[in-house]
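*Asks:* Numbering (my numbering) for the sequence shown: 31 to 141.
Everything labelled a hint here was simulated from the structure, so no lab data went into it. For each residue, glycine too, the CB sits at the ideal point set by N, CA and C. Among the hints, erroneous ones may be present.
To be verified - Derived CB-CB ranges, DEER-like:
#1 Leu59 to Ser90: 23 to 29 Å
#2 Pro92 to Ala112: 29 to 35 Å
#3 Ala104 to Thr77: 23 to 29 Å
#4 Ser139 to Ala104: 17 to 23 Å
#5 Glu75 to Arg120: 38 to 44 Å
#6 Arg79 to Leu128: 30 to 36 Å
#7 Trp98 to Leu58: 17 to 23 Å
#8 Ile121 to Leu72: 34 to 40 Å
#9 Phe51 to Gly93: 19 to 25 Å
#10 Ser74 to Arg50: 34 to 40 Å
#11 Thr82 to Gly131: 28 to 34 Å
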Amino acid sequence: MKEIAPLLKPATEEVTDRTRFRSVLSALLFVPAALVLGLLTLTSERTGRCLTYGEGCGSSLPGWLFTWSLGLGAVAFVVALAASAVRVRRIALVAQLLAEGAALMVILSHG
Numbered sequence: 031m032k033e034i035a036p037l038l039k040p041a042t043e044e045v046t047d048r049t050r051f052r053s054v055l056s057a058l059l060f061v062p063a064a065l066v067l068g069l070l071t072l073t074s075e076r077t078g079r080c081l082t083y084g085e086g087c088g089s090s091l092p093g094w095l096f097t098w099s100l101g102l103g104a105v106a107f108v109v110a111l112a113a114s115a116v117r118v119r120r121i122a123l124v125a126q127l128l129a130e131g132a133a134l135m136v137i138l139s140h141g
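My request is simple: use the sequences and hints to build the entire structure.
*Replies:* Shown next, in the form of structure tokens:
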């Protein structure tokens with residue numbers, strides 16, 4: 031007689047972990063979010079004045095913050111996909127989300 035008990039065991043943490051899916055989803059959604067925020071900054075009064083008259087073209091957050099945020103987000107994305115430990119993937123996902131949020135804030139601050 032076959033043993034049915036292994037089929038009835040609860041799912042392990044490894045099976046129920048969805049950090050890889052969430053990491054890919056947040057990376058895919060970052061691109062349209064950046065495009066929308068870029069479009070919103072182009073419609074602001076400050077950007078219009080900068081494009082038309084050349085006045086007030088300074089940014090409130092430095093550009094290096096955007097570059098470092100994108101780099102950190104990319105590294106965290108790779109770690110979230112490649113790491114074998116669930117805890118490491120979860121930490122990488124949080125780092126990825128924070129880095130993407132910082133990059134979006136830099137885009138938003140230019141408007």
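*Asks:* Return the numbers of the hints above that this structure violates; sort them in rising order.
*Replies:* Hint check: 9 fails alone, others pass.
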